[in-house]
Amino acid sequence: MKKLINSPATVLADALRGVEAAHPDVSVDYANRVVSRGADVKQGRVALISGGGSGHEPLHSGFVGLGMLDAACAGEVFTSPTPDQMLAATTAVDAGAGVLYIVKNYTGDVLNFEMAAELAAAEGIEVKSVLVADDVAVEDSTWTAGRRGTGTTVLVEKIAGAAAEEGRDLAAVHEIATRVSENGRSMGVALTSATVPAVGKPSFDLPDDEIEMGVGIHGEPGRKRVSLRPASEIAEELVSSILADLDFSGAPVIALLSGLGGTPLIELYLMYGEVAALLEQRGITVARALVGDYITSLDMAGCSLTLLRADEEMLRLWDAPVNTAALRWGV
Amino acid sequence: MKKLINSPATVLADALRGVEAAHPDVSVDYANRVVSRGADVKQGRVALISGGGSGHEPLHSGFVGLGMLDAACAGEVFTSPTPDQMLAATTAVDAGAGVLYIVKNYTGDVLNFEMAAELAAAEGIEVKSVLVADDVAVEDSTWTAGRRGTGTTVLVEKIAGAAAEEGRDLAAVHEIATRVSENGRSMGVALTSATVPAVGKPSFDLPDDEIEMGVGIHGEPGRKRVSLRPASEIAEELVSSILADLDFSGAPVIALLSGLGGTPLIELYLMYGEVAALLEQRGITVARALVGDYITSLDMAGCSLTLLRADEEMLRLWDAPVNTAALRWGV
Amino acid sequence: MRTLEDSRLTVDDLIAWLVRFDDEIVEQAGFLTELDSAIGDADHGTNMARGTAAVRVRLTETPSGDAGAVLKSVGMALVSTVGGASGSLYGTLFLEMAKSVGTASELDTAVFADAFRAGVAGVVARGRAEPGDKTMIDALQPSVEALSAAASDGVPLAESLQSAAAAAAAGRDATIPLVARKGRASYLGDRSADHLDPGATSAAILVQALADSHAERTR
Amino acid sequence: MRTLEDSRLTVDDLIAWLVRFDDEIVEQAGFLTELDSAIGDADHGTNMARGTAAVRVRLTETPSGDAGAVLKSVGMALVSTVGGASGSLYGTLFLEMAKSVGTASELDTAVFADAFRAGVAGVVARGRAEPGDKTMIDALQPSVEALSAAASDGVPLAESLQSAAAAAAAGRDATIPLVARKGRASYLGDRSADHLDPGATSAAILVQALADSHAERTR
Ligand SMILES: Nc1ncnc2c1ncn2[C@@H]1O[C@H](COP(=O)(O)OP(=O)(O)O)[C@@H](O)[C@H]1O
Ligand SMILES: Nc1ncnc2c1ncn2[C@@H]1O[C@H](COP(=O)(O)OP(=O)(O)O)[C@@H](O)[C@H]1O
Ligand SMILES: [Mg+2]
Ligand SMILES: [Mg+2]
Ligand SMILES: [Mg+2]
Ligand SMILES: [Mg+2]
Numbered sequence: 001m002k003k004l005i006n007s008p009a010t011v012l013a014d015a016l017r018g019v020e021a022a023h024p025d026v027s028v029d030y031a032n033r034v035v036s037r038g039a040d041v042k043q044g045r046v047a048l049i050s051g052g053g054s055g056h057e058p059l060h061s062g063f064v065g066l067g068m069l070d071a072a073c074a075g076e077v078f079t080s081p082t083p084d085q086m087l088a089a090t091t092a093v094d095a096g097a098g099v100l101y102i103v104k105n106y107t108g109d110v111l112n113f114e115m116a117a118e119l120a121a122a123e124g125i126e127v128k129s130v131l132v133a134d135d136v137a138v139e140d141s142t143w144t145a146g147r148r149g150t151g152t153t154v155l156v157e158k159i160a161g162a163a164a165e166e167g168r169d170l171a172a173v174h175e176i177a178t179r180v181s182e183n184g185r186s187m188g189v190a191l192t193s194a195t196v197p198a199v200g201k202p203s204f205d206l207p208d209d210e211i212e213m214g215v216g217i218h219g220e221p222g223r224k225r226v227s228l229r230p231a232s233e234i235a236e237e238l239v240s241s242i243l244a245d246l247d248f249s250g251a252p253v254i255a256l257l258s259g260l261g262g263t264p265l266i267e268l269y270l271m272y273g274e275v276a277a278l279l280e281q282r283g284i285t286v287a288r289a290l291v292g293d294y295i296t297s298l299d300m301a302g303c304s305l306t307l308l309r310a311d312e313e314m315l316r317l318w319d320a321p322v323n324t325a326a327l328r329w330g331v
Numbered sequence: 001m002k003k004l005i006n007s008p009a010t011v012l013a014d015a016l017r018g019v020e021a022a023h024p025d026v027s028v029d030y031a032n033r034v035v036s037r038g039a040d041v042k043q044g045r046v047a048l049i050s051g052g053g054s055g056h057e058p059l060h061s062g063f064v065g066l067g068m069l070d071a072a073c074a075g076e077v078f079t080s081p082t083p084d085q086m087l088a089a090t091t092a093v094d095a096g097a098g099v100l101y102i103v104k105n106y107t108g109d110v111l112n113f114e115m116a117a118e119l120a121a122a123e124g125i126e127v128k129s130v131l132v133a134d135d136v137a138v139e140d141s142t143w144t145a146g147r148r149g150t151g152t153t154v155l156v157e158k159i160a161g162a163a164a165e166e167g168r169d170l171a172a173v174h175e176i177a178t179r180v181s182e183n184g185r186s187m188g189v190a191l192t193s194a195t196v197p198a199v200g201k202p203s204f205d206l207p208d209d210e211i212e213m214g215v216g217i218h219g220e221p222g223r224k225r226v227s228l229r230p231a232s233e234i235a236e237e238l239v240s241s242i243l244a245d246l247d248f249s250g251a252p253v254i255a256l257l258s259g260l261g262g263t264p265l266i267e268l269y270l271m272y273g274e275v276a277a278l279l280e281q282r283g284i285t286v287a288r289a290l291v292g293d294y295i296t297s298l299d300m301a302g303c304s305l306t307l308l309r310a311d312e313e314m315l316r317l318w319d320a321p322v323n324t325a326a327l328r329w330g331v
Numbered sequence: 001m002r003t004l005e006d007s008r009l010t011v012d013d014l015i016a017w018l019v020r021f022d023d024e025i026v027e028q029a030g031f032l033t034e035l036d037s038a039i040g041d042a043d044h045g046t047n048m049a050r051g052t053a054a055v056r057v058r059l060t061e062t063p064s065g066d067a068g069a070v071l072k073s074v075g076m077a078l079v080s081t082v083g084g085a086s087g088s089l090y091g092t093l094f095l096e097m098a099k100s101v102g103t104a105s106e107l108d109t110a111v112f113a114d115a116f117r118a119g120v121a122g123v124v125a126r127g128r129a130e131p132g133d134k135t136m137i138d139a140l141q142p143s144v145e146a147l148s149a150a151a152s153d154g155v156p157l158a159e160s161l162q163s164a165a166a167a168a169a170a171g172r173d174a175t176i177p178l179v180a181r182k183g184r185a186s187y188l189g190d191r192s193a194d195h196l197d198p199g200a201t202s203a204a205i206l207v208q209a210l211a212d213s214h215a216e217r218t219r
Numbered sequence: 001m002r003t004l005e006d007s008r009l010t011v012d013d014l015i016a017w018l019v020r021f022d023d024e025i026v027e028q029a030g031f032l033t034e035l036d037s038a039i040g041d042a043d044h045g046t047n048m049a050r051g052t053a054a055v056r057v058r059l060t061e062t063p064s065g066d067a068g069a070v071l072k073s074v075g076m077a078l079v080s081t082v083g084g085a086s087g088s089l090y091g092t093l094f095l096e097m098a099k100s101v102g103t104a105s106e107l108d109t110a111v112f113a114d115a116f117r118a119g120v121a122g123v124v125a126r127g128r129a130e131p132g133d134k135t136m137i138d139a140l141q142p143s144v145e146a147l148s149a150a151a152s153d154g155v156p157l158a159e160s161l162q163s164a165a166a167a168a169a170a171g172r173d174a175t176i177p178l179v180a181r182k183g184r185a186s187y188l189g190d191r192s193a194d195h196l197d198p199g200a201t202s203a204a205i206l207v208q209a210l211a212d213s214h215a216e217r218t219r
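Chains as they are written, first to last, in UniProt numbering: chain A, 1 to 331; chain B, 1 to 331; chain C, 1 to 219; chain D, 1 to 219.
Treat the hints loosely; a few may be bogus.
As the list claims (entries may be wrong) - EDC-like mimics (lysine to aspartate or glutamate), calculated; alpha carbons at most 16 Å apart, straight line:
no.	chain 1	residue 1	chain 2	residue 2
1	B	K201	A	D209
2	B	K2	A	D209
3	B	K224	D	D190
4	D	K72	B	D84
5	B	K224	B	D209
6	A	K2	B	E165
7	B	K201	D	E106
8	A	K128	A	D205
9	A	K201	B	D208
10	B	K2	A	D205
11	B	K201	A	D208
12	A	K2	B	D208
13	B	K128	B	D169
14	A	K224	C	E24
15	B	K2	A	D84
16	A	K2	B	D84
17	A	K224	A	E210
18	A	K201	B	D209
19	B	K2	A	E175
20	A	K2	B	E210
21	C	K72	A	D84
22	D	K99	D	D114
23	A	K201	C	E34
24	B	K2	A	E233
25	A	K224	A	E237
As the list claims (entries may be wrong) - Just some of the chain C residues that point at chain A, by a computed CB distance under 8 Å:
no.	residue
26	T33
27	G84
28	K99
29	T103
30	E106
To be clear, the hints were calculated from the coordinates, so they are not data collected in a lab. Note that beta-carbon positions come from the ideal geometry of N, C-alpha and C, so glycine has one too.
All chains, please: the whole structure from these sequences, using the hints.
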C-alpha cells in the first residue's frame, strides 16, 4: 500500500488538521471529528448536518459552508460516524429552527443517525432526516438493505442548503430535500478497488481486463463484473440503467459525473462527453453539470454518474450562492 | 492499462467534447484543440494564452475564463502543442492589446511557443512570453534544459489573469507574471508512475516500497528514489527543499498543494496539514491556500507543493474574481 | 478463586468478560476484517478492535459501579467508538442489557438470560434484521434461546454459558450458505453466499469470551 | 528505374524518402517510445509516427511542386502534428532545407549537402544544443559533415548518402554513454547515461531512409 499518510490509525485526525489549515472559514472539533461553519451561523435558520465514513472526500466536509452544510461528521474510513459525534454537531449548529440530517442509506449511517436523532430529541432539538438511496445498481431493494446513497447526496446538500439559507422552515427544507432525493439516480463503475489504509491491500481483486459495473462507494460489488470496454459503452450502460429506472423526459436535468478518487480529470471529461452525447440523443436536456471528484472512494479508479430530474425550483436553488471548499459560486 | 477511454488515439478529442459539454461558457476549436472564452472577450484587453501537453488537467483548459486565461492550447498527452494551434488561439483572442504566452519550461513548449510568437509577430500581433521554471528538484539547471515549469504556472495564470482583467497593458501584465514566476517554487513526489494511454504501461517502474522525490509532471525523475516514508517526512523534504532555494521569510505565502491525479483528497489534506505545520514552525505565514488537483500527471499517485513568496499586489490580484471550470470565486 | 458451583455473574465477572472479549478481538481483528472484505467493506475487525479497546480502558480505568452501570458504560463506549452498523447494534445490545439488569450487582443465570434476551431484542428492533438475514442476529438469537432454555432447565451457569456459546458458534457457521438480506453484504445478492458473516463471527466471539472467562475464573 | 550513375535527387526521390521514413517510423515507433520511456516521457515514437503519417498524406495526396515546396510542406506538416521538442526541431530542419534549395527541382550532392547543413544549423539555432548534449544533433551533425566531405570529394550520390547514414548511426550510438544536457533527459542527470537518445535514433532512421530509398530507386 502506497499512501501519503503517517499511519493508518491517524489518517482521519491528520487529514482534519489539513482541512482546518486550508480553510480558515471552517472550524474543526477534533474530539468529535466535526467540521462546521465557523462564525456565520445565522440565528433562526434551519441547520443542515451530514456525515458518513471518511474516504469520500470532498463529501462531506468539503461541502460545509454558506448555502450548503452547517456541519459534517467524519467517521473512520468507510465507517459511519457515531451518534455522539452527530449529537455534538447538532448542538453546535442548531439555531433554534431545527436540524436536517442528510443520511446516505447504509445500515451504519442510518442506525447511527437514528440514535443521534433520539438523543437530540431528548435534548429538545427538533430533527428531521432525509435518506438518500439513489444507486440504481441495487436492483432488488426489497431483499437488501435498500439502495445505497451516493451522488444525489451532493445535490441534496446543495439544494436543501440553499433552501435553508433562504430561511425556510424545517418542514419546507425537509420537503425539498426529499424531493431531490427521490428524483436523483446514480450508478458507478470501478476500474480498480480502493485500498483501506487500515487494511493495507485492495478490498477486492479486479483482474486487469475486468471492471465492476454498479459498484458502491465502498467497493461494494455491483450488478456484474464485465470485461474492460470503451468509455462509450460504459457510459451507455450507466445512462441506460439510470433512465430505465426513472422517467427523465421533459424535465431539466442536473448531471454529476464524479470521479472515484483515482481517476484523472481528463478521463472524467471524456466520460462526460459520452454521457452528454447519449442524453442528447435521447432528447434529455442537461441544465447544469458538474464534472470532477465530488463523491469518491479513496483511491478507486472509476466514476459515478448521477442524474437529477430537476424542476425550476431546484434549478433556482442550485444556482444560489454557495461557498464551500469544494463547491463555490455566486460569492 | 485500465482507463476510461475509447482508444488511445482519440483521448484528447473525446475529452474536449466533454469539456465543451460541461462548460457552456467556453468554446472549443476542435481542429486546433483550443479551448477559449466564449463571447466575453473584452475589446482592448490583454489576452492570456497558455498550453502544454494534455494529462495535466485541469491545467490549462480548466483555467480558461473570467480573470484567468483567454485560451488554452491542448497538446497530445505529455506532448507540447504545436505553433499552429497557438497561432490559432492567438488570432482568436487578441483584442488589439497584445497577448501574453504563459509557457512552462520544457523544451517542446518553449520551442513551439517561440515559433508561434514568430508567426504571430509576422501577423502583426504583439506577443510577450513568461517562462515558468519553478521546480527546485532540478538542481543543476545550468547543465540541463533548466528547471521545469510546474505548479507556479497556476498562480501565474490566476494573478496575471486578474491583472489583464483590470485592463493593464501588456508590459504590466508581463511584469507581474514574471514577478510571480520568479517568486514561486515547487517540488513534487510520486508514489506511482503515470501510464500514458498510447504507451499502455507505466512510464517507469517504482517498487512497492519506493517513492520518487522531486518527480516532474511527466514522470521525469527527480532528485532521488527513496523508501516509502510517513507523510510528515515527505512534507519535510518538500518544504525544506523549497525553503532552501528561496528566502520566504517576512512575506505572505500562497500555497498550492496539488494532487498528481491518482491521489485522493483525504491524502492531499493530510499532506497539507503537515506542510502547514512545518511552515508555521518556521514562522512562515500562509496567506492563501489551495488543496486539490490543479496540475496533475495523468493517474500518477503523489503530490506537488508550490509556494509563492507573495506581495500585497499579488494577494489582491489573487483575491480578484475568477470564473473558470477549476477555480472560481467572487462571482 | 471460586468453585464450579458459583452460579452468579458478578460485576468483576462482567469486566473480565469484556477484557477477554477485547483480547479475542485484538487477536481476530485481521480475520474479521478479511471476512468483511469478502462481503462488506473491510472494516469490521478494525471497528470492533477500536471499540473493545475503548471498553477496556473505561472498565479498567474508572470505578465500576453496579452491573447496570457497567453494561451501560460498555454500551456507550461501543456506540461512540465502533461506528458503522455494528457500533450502534453492539451498543444497543449492552444498553438494553443494562436497562434489564438495573442496579443489580450479581446476576444469576435466569436474570442474565433475560438481560441477554432484552439486549438481542434491542438489536433486532434497531437493525430490523430477522434470523436468516445473515447478520449477527443469526448467532445471537440461537444463543439467547440456548441460554434461556438452560436457565429454565436449572443448568448450572458455567454449562449454560457454554451452551450459549456453542449455539452462537453454530448460528455463526449457519450463516455460511445464507444470502444476505441486511447490511452491506446484501448488495452482493447471491454472491454473498458461501461466506461467514463477520458480525455473526464477532457475536460468537463475544459469547464464547463470556463462557471462557467465566470458566477460567471459576476453575 | 535509374542507374547507379544518377547523381541527383528529384522531387520524387524526396517524396520516396519521406514515404520510406514513415514506413520505418511506423515500424520503430514502439522502440523509439521505449527509448523515450527510459530517459524522457515516453512519446517520441508516437509523436514521430503522427508526424510522418501526416507528411505522407500531404505528399501523396496533393500535387508536389518544386523541391523547396515539397520540403516546406514536410516541415509544416511536422511542425503542426508532431508537437513536443522534436516537432519544432524536425520541422525546422525541413523548413530550413526548403529555404536553402529554393525552387530547384533536382538537387545534386553538393546542393543537397548544403541544404542539409542549413537544416541542421536551423535545428541548432532553435534548440541551442551542442554536439555531446545527447540529442538528435549528435546524429545529425556528423551526418552533415560526412555528406559535405563526400560531396567535396566528388563521391557519387548513393555512396555519399550511405556514408551520411553511417555517420548518423555512429553518432546515434555515441549518445549511449553521454549524460544529457538538453531536453527532458537532462533532468535525469547521470542517470541519463547508458541509454540511446530517442531523437538521435529517429534522426539516424531519417538519414538511413534517404540512403535506402535512393539505393532502391536506382538499383
Ligand atoms: N440490520 C442489521 N441487523 C443486525 N446486524 C447487522 C445489520 N446490518 C449489518 N449487521 C451486522 O454488522 C456486520 C458488519 O459490521 P461492520 O462491518 O462493523 O459495519 P459496516 O457494515 O457499517 O461496515 C455484518 O456482518 C452484520 O453481521
Ligand atoms: N534542445 C534540443 N536540441 C536538439 N534536440 C533536442 C533538444 N531537446 C530535445 N531534443 C531531442 O528531442 C528528443 C525528444 O523528442 P520528443 O520525445 O518527441 O519530445 P519531448 O521531449 O518534448 O517529449 C530527444 O531525444 C532529443 O534528441
Ligand atoms: Mg463500514
Ligand atoms: Mg513529450
Ligand atoms: Mg464493514
Ligand atoms: Mg518525449
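Original post:
Hint by hint, which ones does the structure fall short of?
Top reply: 6, 7, 8, 14, 15, 16, 19, 28, 29 and 30
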